[in-house]
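Protein chains: 2
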Amino acid sequence: MNVEVIAPTNPFIGTDTGKMPAHQAVYEKLRVMILFGDLAPGQPVTIQGLTDQLSVGMTPVREALRRLIAEGALTHQGNRRVSVPVLTPDCADELGFMRKTLEPELARRATLRLTPASLDAIAACDEDLNRAIAQGDIGGYLTQNYRFHALIHEAANAPIMAATVDRLWLRFGPSLRVVCGRFGTRNLPDKHQDLLEALRIRDAEAAARAMAEDVIQGVDQICSALKDTELSARSD
Amino acid sequence: MNVEVIAPTNPFIGTDTGKMPAHQAVYEKLRVMILFGDLAPGQPVTIQGLTDQLSVGMTPVREALRRLIAEGALTHQGNRRVSVPVLTPDCADELGFMRKTLEPELARRATLRLTPASLDAIAACDEDLNRAIAQGDIGGYLTQNYRFHALIHEAANAPIMAATVDRLWLRFGPSLRVVCGRFGTRNLPDKHQDLLEALRIRDAEAAARAMAEDVIQGVDQICSALKDTELSARSD
DNA sequence: AGACGCAAAACTTGATCAAATTAAGGCAAG
DNA sequence: CTTGCCTTAATTTGATCAAGTTTTGCGTCT
Chain Z
1 MNVEVIAPTN PFIGTDTGKM PAHQAVYEKL RVMILFGDLA PGQPVTIQGL
51 TDQLSVGMTP VREALRRLIA EGALTHQGNR RVSVPVLTPD CADELGFMRK
101 TLEPELARRA TLRLTPASLD AIAACDEDLN RAIAQGDIGG YLTQNYRFHA
151 LIHEAANAPI MAATVDRLWL RFGPSLRVVC GRFGTRNLPD KHQDLLEALR
201 IRDAEAAARA MAEDVIQGVD QICSALKDTE LSARSD
Chain L
1 MNVEVIAPTN PFIGTDTGKM PAHQAVYEKL RVMILFGDLA PGQPVTIQGL
51 TDQLSVGMTP VREALRRLIA EGALTHQGNR RVSVPVLTPD CADELGFMRK
101 TLEPELARRA TLRLTPASLD AIAACDEDLN RAIAQGDIGG YLTQNYRFHA
151 LIHEAANAPI MAATVDRLWL RFGPSLRVVC GRFGTRNLPD KHQDLLEALR
201 IRDAEAAARA MAEDVIQGVD QICSALKDTE LSARSD
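The listed protein sequences derive, respectively, from chains Z and L. Position one of the first sequence corresponds to residue 1 (the working numbering), numbered consecutively onward. Position one of the second sequence corresponds to residue 1 (the working numbering), numbered consecutively onward.
It cannot be assumed that every hint is accurate.
[What the hints assert, rightly or not] Partial list, computed: chain L residues near chain Z (C-beta under 8 Å): (1) ARG67; (2) GLU94; (3) LEU95; (4) PHE97; (5) MET98; (6) ILE160; (7) THR164.
Hints are computed from structural coordinates only; laboratory data are not their basis. Glycine is no exception: its CB is placed at the ideal position from the N, C-alpha and C atoms.
Could you build the full structure based on these sequences and the hints that come with them?
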């Protein structure tokens, strides 16, 4: 299966498996691996492979996979084979539309319900993000960028929309890593400064606008990269 | 558990369990029951109850529940108890925003990719829907109304958005039945005529507008009904 | 090239363990 | 003496595991 264990330094991979059902621990582990590109698009995922690797029974693994499939993070490949989905341009278009619509709304709502503590957390996260970009740390960029958006989604106090958008990120994850591996951390979208300023002065519409621009930039970059990879694949 | 088996006359409950894994059969059965209000909001759902009722093992039931929980059709009620979620005004607001945003887009896309066959199917469905309304058949109204929208979503050729919207309907389902049971089939939203006409003349923007109005009408009706029930519950 | 067979993986089941809720019983206070 | 609460036991339910069954894919043989 070739799935490397991630270093527990990642803020999202605390994996406090102390008092947690096995199926949830498996779910969270796989989720992070997909979100940050440790599983390549198209890579097959087998139940028995995971039971061997994670030393858990078959039932928890089955439940975790079923959950991830329901979220679109994995796909049933016809004959009861499970794999990491390959992002097609059509899918990216759909995901892009939803992100462009929902994330600005989340930013708008976050502006209204924002607490000083969460604003500080978002600002701190943005600094970490800039540091990662400056160092060319792709993994750091991916995790901090996700965290930046996740913090805003959390502040919006709209759990259903936040979970929906989270699923969209989950679908972009595997390809994002590939794209970033191609182009490095230069020319990355960053409307975060505008967004932070809008949050500080409590201007919901400005926050929505900044978020929309950030999402559009990111999505367009992925779409163009997808077209390139498809062209290169076709010319093979 | 008090879950009555639905008559197999429903077009969505063919349940051809012939060549289908047990976990999927369980999933589809439960999904339909939730979607059309056969399970009341707040009703507890137990694994063992389902194994007894459906005569299947424990693992398939667990997988089906995990999937439905991931889709928001069921919720984990704290102490590893599963139940049908109760729709709060905040949730309805979120769901409403997403429906108002996504369904017009689906209508827009459906207009462009529409085939004569699918247009006929949609028109036929609308006739069934009107018949159900005229007869005061709540169950028929619920299923045909869902089917009308589902056919449009299918025609849009946008599987991710369609699946996302489907999950929103799944959340409305249990409360929809309650609301309809209160007010009957009068004053139901029906911008379907405008929508059908727009589809026929291939006017994507008009279709999107008609869909938006239909969704807004339906969501507002549910929201106001929710407020009423909450007020009456508070005055108890 | 088509068919047969073997191996691997998924699906299902029943059993076992752990956790939580409920019921019962006893003690104390009014 | 009755009532209310707290503690404890029993039942119900959820979580996990390992074995058996079925299906699929692939390799080989004709």
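Worksheet entry | Hint status (Cβ of ARG67 (chain L) to nearest Cβ of chain Z, threshold 8 Å) | At 5 Å from the nearest chain Z Cβ, ARG67 (chain L) passes the 8 Å test, so the hint holds.
Item to complete: Mind checking the CB of ILE160 (chain L) against every CB in chain Z and telling me if the closest is under 8 Å?
Response: holds (4 Å)
Worksheet item: Do the numbers back the hint for THR164 (chain L), that is, is its least Cβ distance to chain Z under 8 Å?
Response: holds (6 Å)
Worksheet entry | Supplied contact hint for PHE97 (chain L), tested at 8 Å Cβ to chain Z | holds (6 Å)
Worksheet item: At a threshold of 8 Å, is the proposed contact between GLU94 (chain L) and chain Z supported by beta-carbon distances?
Response: holds (4 Å)
Practice prompt. Closer than 8 Å between Cβ atoms is the bar; does LEU95 (chain L) clear it against chain Z? Give me holds or violated.
Written response: holds (6 Å)
Worksheet item: Minimum Cβ distance from MET98 (chain L) to chain Z below 8 Å?
Response: holds (6 Å)
Checked against the numbered hints listed earlier, the structure breaks none of them; every hint is satisfied.
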